[in-house]
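Peer 1: Now for the letters of each chain:
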Amino acid sequence: LAKTTQPISMDSYEGQEVNITCSHNNIATNDYITWYQQFPSQGPRFIIQGYKTKVTNEVASLFIPADRKSSTLSLPRVSLSDTAVYYCLVGPYSSASKIIFGSGTRLSIRP
Amino acid sequence: ETGVTQTPRHLVMGMTNKKSLKCEQHLGHNAMYWYKQSAKKPLELMFVYNFKEQTENNSVPSRFSPECPNSSHLFLHLPTLQPEDSALYLCASSQETGKGNSPLHFGNGTRLTVT
Numbered sequence: 001l002a003k004t005t006q007p008i009s010m011d012s013y014e015g016q017e018v019n020i021t022c023s024h025n026n027i028a029t030n031d032y033i034t035w036y037q038q039f040p041s042q043g044p045r046f047i048i049q050g051y052k053t054k055v056t057n058e059v060a061s062l063f064i065p066a067d068r069k070s071s072t073l074s075l076p077r078v079s080l081s082d083t084a085v086y087y088c089l090v091g092p093y094s095s096a097s098k099i100i101f102g103s104g105t106r107l108s109i110r111p
Numbered sequence: 001e002t003g004v005t006q007t008p009r010h011l012v013m014g015m016t017n018k019k020s021l022k023c024e025q026h027l028g029h030n031a032m033y034w035y036k037q038s039a040k041k042p043l044e045l046m047f048v049y050n051f052k053e054q055t056e057n058n059s060v061p062s063r064f065s066p067e068c069p070n071s072s073h074l075f076l077h078l079p080t081l082q083p084e085d086s087a088l089y090l091c092a093s094s095q096e097t098g099k100g101n102s103p104l105h106f107g108n109g110t111r112l113t114v115t
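Which chain is which? The protein sequence lines are U and S, in order.
Quick note on my numbering: the first sequence kicks off at 1 and runs consecutively.
Quick note on my numbering: the second sequence kicks off at 1 and runs consecutively.
Each hint should be verified, as a subset may be incorrect.
[To be verified] Derived DSS-like pairs: lysine-lysine, alpha-carbon spacing no greater than 27 Å straight-line:
no.	chain 1	residue 1	chain 2	residue 2
1	U	K69	S	K52
2	S	K36	S	K18
3	S	K36	S	K19
4	U	K3	S	K36
5	S	K18	U	K3
6	S	K52	S	K36
7	U	K69	U	K52
8	U	K52	U	K3
9	S	K19	U	K3
The hints are simulated quantities; they were obtained by calculation from the structure and are not laboratory data.
Please build the complete structure, drawing on both the sequences and the hints.
Peer 2: In structure tokens, the structure reads:
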């Protein structure tokens, strides 16, 4: 199982760009990298997914270097409502038990 | 509206009440999941159903009884419980297991408190 490591917490200010890096040194060939956002007392919400290089959607960008041993979630111009826990997951969707939710990164945005 | 609806949102029950958690997805997905999230702990996968068939049971105690009558509905029956079962129970769905990049869509959970 590909284990992920990400910072326990991060702080930033409104309007800033926030980059959260996740390392996954033993990622397998058929593993995808997926990020979720979770607010208190709610289920995680899918943000973005990628396999290699760069992926961008209306919410975030995901940067994946060529060796795929890490990935960076980039949130442009954060607001207070981006305060949440962000999870980096690595795994094949062929088996949910191979996709492990870690402790995530608790992001706090200040005015 | 997440596309995955869980009821009830909150449930307080004794150890021997019989209750059920319900999940319904409106996304046309074929795989459904139960996760447990205890305070200050990561999400734990409990069960996986694919096309109504249980494909994974992550060593869950037998006092938890899942049911998946069709691809849109998932239940978790709770005949007897322990205080340590108090947690947020999350239901999720995806297109189907076995597809390379089918992300999970979660409901907002049922907050269960066992007294």
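Peer 1: Hint numbers the structure violates, sorted upward?
Peer 2: 1, 5, 9
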